[in-house]
Structures are given as C-alpha cells and as structure tokens.
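Build the full structure now, drawing on both the sequences and the hints.
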Amino acid sequence: DAEITQSPRHKITETGRQVTLACHQTWNHNNMFWYRQDLGHGLRLIHYSYGVQDTNKGEVSDGYSVSRSNTEDLPLTLESAASSQTSVYFCASSERPAGELFFGEGSRLTVL
Amino acid sequence: AQSVTQLDSQVPVFEEAPVELRCNYSSSVSVYLFWYVQYPNQGLQLLLKYLSGSTLVKGINGFEAEFNKSQTSFHLRKPSVHISDTAEYFCAVSDDYKLSFGAGTTVTVRA
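For the protein sequence lines, the chains are A and B, in the order given.
Mapping the first sequence onto my numbering, position 43 (from 1) lands on 30, and the numbers just tick up by one.
Mapping the second sequence onto my numbering, position 78 (from 1) lands on 187, and the numbers just tick up by one.
Hints are computed from structural coordinates only; laboratory data are not their basis.
Each hint should be verified, as a subset may be incorrect.
The calculated lysine to aspartate or glutamate pairs, modelled on EDC-like cross-linking and capped at a C-alpha distance of 16 Å, are [unchecked claim]:
1) K207(B) <-> E87(A)
2) K178(B) <-> D204(B)
3) K207(B) <-> E46(A)
4) K158(B) <-> E175(B)
5) K207(B) <-> E82(A)
6) K(-2)(A) <-> E92(A)
7) K158(B) <-> E82(A)
8) K158(B) <-> D204(B)
9) K158(B) <-> E87(A)
10) K167(B) <-> E129(B)
11) K158(B) <-> E173(B)
This is the structure:
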C-alpha cells in the first residue's frame, strides 16, 4: 500500500541547532506540503511543492526551508532552531494541488 | 481569499448521543469542502468531502455533512457517537489552488 512516512517521530534539540525532518511518500504525488500544528491554531502551512525543483512559501515559512530533488521526498529544514518552533509537524501529499491530502503520522519537535 | 471558522473548539458528548460540529467558510469562488479527523497521536485522515452534486455527503464511520451554499456552511453530524469517536475534527476548504484549515474541534465522548 502507498504511504507517507516521517522521521524522526520525536526529536529534542537545542536553540540554534539545524534540524531536518524527513518526509517520504510512495503515492507518486506531485504535490507535497509541510504543516505545523499548534494548540488553538489548527494546521498552518509552512512550505509546499507542486513538483520536482518547485518550492513555495506558505503562511508561516520564516525560519524554515525545503528542497525537492525527487518526487518522493520533501525534507523540511530548520536552519537555526528557536523555541517558537516547538510544535508537531505534519507532511502531506495530494494528487491535485488543493485536493484530498494524505498525511504522515507527524514529527514532534521540542526546542530547548 | 478564503477562511474557515469552526464555531466550537470543544464538544463534550455522551456515548450514543448525536453530535454536530459546525463549520462556516468564506470564499469568493466555488469551493470544495472537507472534514478530516485526527485520533490521538496520529496524523489526519479524510472523513468526507464535497466536490459537487448532492449537498448531503456521507463519509466513513457513520458521519455525514451537509453543504449549504446560501449559509456558507458545511456542518458535520453523527446520529449516535461511540467512545472511539473521541478525536479532533478539522474542516477545510479548497478553491482548487489553496487549502485552508479551521482551528479544529475536539470531541470528547463520555460513557
């Protein structure tokens, strides 16, 4: 069965360190997304990609970057982690740009 | 621009009672509507979606939602809930270019 996997599922890091969260999907979807989930805010879009070599900023992109070198992977990098980036991060993919999303299990990041 | 408002942040309900989760949206164009469910410590999964056609949409686990264009609403209902329905529920709206989520409604089902 096709799936979308995230790693690590849990990570604790220190302020100022670089962190990369991996996302790998086997749906063969062109469209991939990174969201963060915080209490009271629902899901907020960080970055998204409509295909290889395409990346776009979402509504809360400051301090984050992504790269898309193949269809399957969209890693999310925090260049210099800040305590405000403590959150649960979800990767998702879709067949259409704004269609049904298929989500990973989430990565819980704590920045101390 | 579009936005989604989920009118209740928390909904406590007794087992076997009905539940309704309210969702309103604003958009200047035709939209597609979704409800997602997130069980504890899991990712989100699709409950149901409205793309076109009948305004009453049936989803998984006995849930249904009704699209009301004049009231710009897409309320989610279940006639009889189970303990296993305890979860967070998200309404989302898409205009085919951008998907926006509501803040979520936490449903807690008690015996």
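Hint by hint, here is what the structure shows:
{"no.": "1", "hint": "K207(B) <-> E87(A)", "in the structure": "12 Å, holds"}
{"no.": "2", "hint": "K178(B) <-> D204(B)", "in the structure": "14 Å, holds"}
{"no.": "3", "hint": "K207(B) <-> E46(A)", "in the structure": "11 Å, holds"}
{"no.": "4", "hint": "K158(B) <-> E175(B)", "in the structure": "10 Å, holds"}
{"no.": "5", "hint": "K207(B) <-> E82(A)", "in the structure": "13 Å, holds"}
{"no.": "6", "hint": "K(-2)(A) <-> E92(A)", "in the structure": "14 Å, holds"}
{"no.": "7", "hint": "K158(B) <-> E82(A)", "in the structure": "15 Å, holds"}
{"no.": "8", "hint": "K158(B) <-> D204(B)", "in the structure": "13 Å, holds"}
{"no.": "9", "hint": "K158(B) <-> E87(A)", "in the structure": "8 Å, holds"}
{"no.": "10", "hint": "K167(B) <-> E129(B)", "in the structure": "14 Å, holds"}
{"no.": "11", "hint": "K158(B) <-> E173(B)", "in the structure": "10 Å, holds"}
Violated hints are absent here; each numbered hint is respected by the structure.
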